[in-house]
Amino acid sequence: MRFARGLSDLAAMLGGMKQVAPEADRAIANVLRQQAGLITRYQALTAGMSEAALRHRIRSDGPWRTVLPGIYLIHNGPLAGGQREIAAVLYAGHRCVITGLSALRSSGVRAPMTEIVDVLIPQESKRQSAEFVRTHRTIRMPERPIVANGIQWAPVARAIADVARIGLEFSDFRELVATAVQRDRCTVGELAEELRAGPNRGSVLLRAVLGEVADGIASGAEGDMRQLVKSGGLPEPIYNPDLYVGREFLARPDLWWQDAGVAGEVDSKEWHLSPDQWQRTMERHARMTAQGIFVLHYTPKQIRSDGRRVLAELRAAIEEGRRRPPLNIRAVPRR
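Okay, so the sequence shown: first residue is 1 according to my numbering, each after it adds one.
It is possible that some hints are incorrect.
Cβ pair distances, simulated, as ranges [as the list claims (entries may be wrong)]:
#1 T66 - V332: 52 to 62 Å
#2 F249 - A197: 28 to 38 Å
#3 F249 - H75: 21 to 31 Å
#4 S125 - N149: 19 to 29 Å
#5 G93 - T114: 18 to 28 Å
#6 I139 - N328: 53 to 63 Å
#7 R140 - P69: 24 to 34 Å
#8 P235 - R207: 18 to 28 Å
Note that these hints are calculated values from the structure, not bench results. Using N, Cα and C, we set each Cβ at its ideal position, and we do this for glycine too.
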């Protein structure tokens, strides 16, 4: 098993090992170097350290710290970098697969921070949850986990499904799924397959959010707009379609009412208002209005706190748009 080195100065932390035989000293130092300053009881004893020497290092005021049962850190400070995940693997065993929020962050998906590391283990494993490691026995271990630095990580769709079963606030989970899909970390089809293959327990949250994302919802704020549109009795729009004039691509608005030629835009600072993205938003606005489209912009705050006005403005625009001849614009729903 290969782990990335996570310590800046391992040599400085090897003090106190002079009581160990030189061969054992070198073997232990090699393990610590490979495992970012972490070692198991079995590894230490196998390398040649005596029981007495190990007890001396992990005593209450000793140089090593017990971070999990049988797992030791070479210093008394907090776990840093990827040490928490490495410790989890050393504890749960080489067949384990890290899932949940830790796996999502490792795949580049923006996810809430947590000190808990969720680990999938085979059904027959007897390893229990301990400290910051939460084990999940399963008969459905990922067939093709992502392997990085010697650690197995659950694919994004599986990690998301496991987060749904572990539990997360609806709005946070919706943002998580929308982010992963929008940034091509997984597809709606992969999430749907996880929903079909996984247990029913905890599937309600994934099922609800998957329905939104399948409709084209690309962010949490758009999900709030979708709920507002449904509760307000507005005609159902198309979410994030590609609009064309002839064969030329025009724009991809957040919401689109085809028969009225009305586009709704959710201008979230996080999603749309960096300087470059804001310029592109304005250019898209100009292209759509030049084709006769009524474009209405709303912030997430307006959607949450002033929904009645948002609904009234959209309803008025839709009614006005329906009174004019249809626009020569073709909409292709997002897949």
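Now the hints, each set against the structure:
The hint said 52 to 62 Å for the Cβ distance between T66 and V332, and at roughly 58 Å that hint holds. Distance hint check: the CB atoms of F249 and A197 are about 36 Å apart, consistent with the given range 28 to 38 Å. Against the hinted window of 21 to 31 Å, the Cβ-Cβ separation of F249 and H75 comes to about 56 Å, which falls outside the hint. Our hint of 19 to 29 Å for S125 and N149 holds, since their Cβ atoms are close to 22 Å apart.
Checked against the given bound of 18 to 28 Å, the beta carbons of G93 and T114, roughly 22 Å apart, stay inside it. Separation of I139 from N328 is about 55 Å and conforms to the stated range, judged on CB atoms against 53 to 63 Å. Checked against the hint of 24 to 34 Å, the pair R140 and P69 passes, with Cβ atoms roughly 27 Å apart. Range check, P235 to R207: Cβ separation about 25 Å, and the 18 to 28 Å hint holds.
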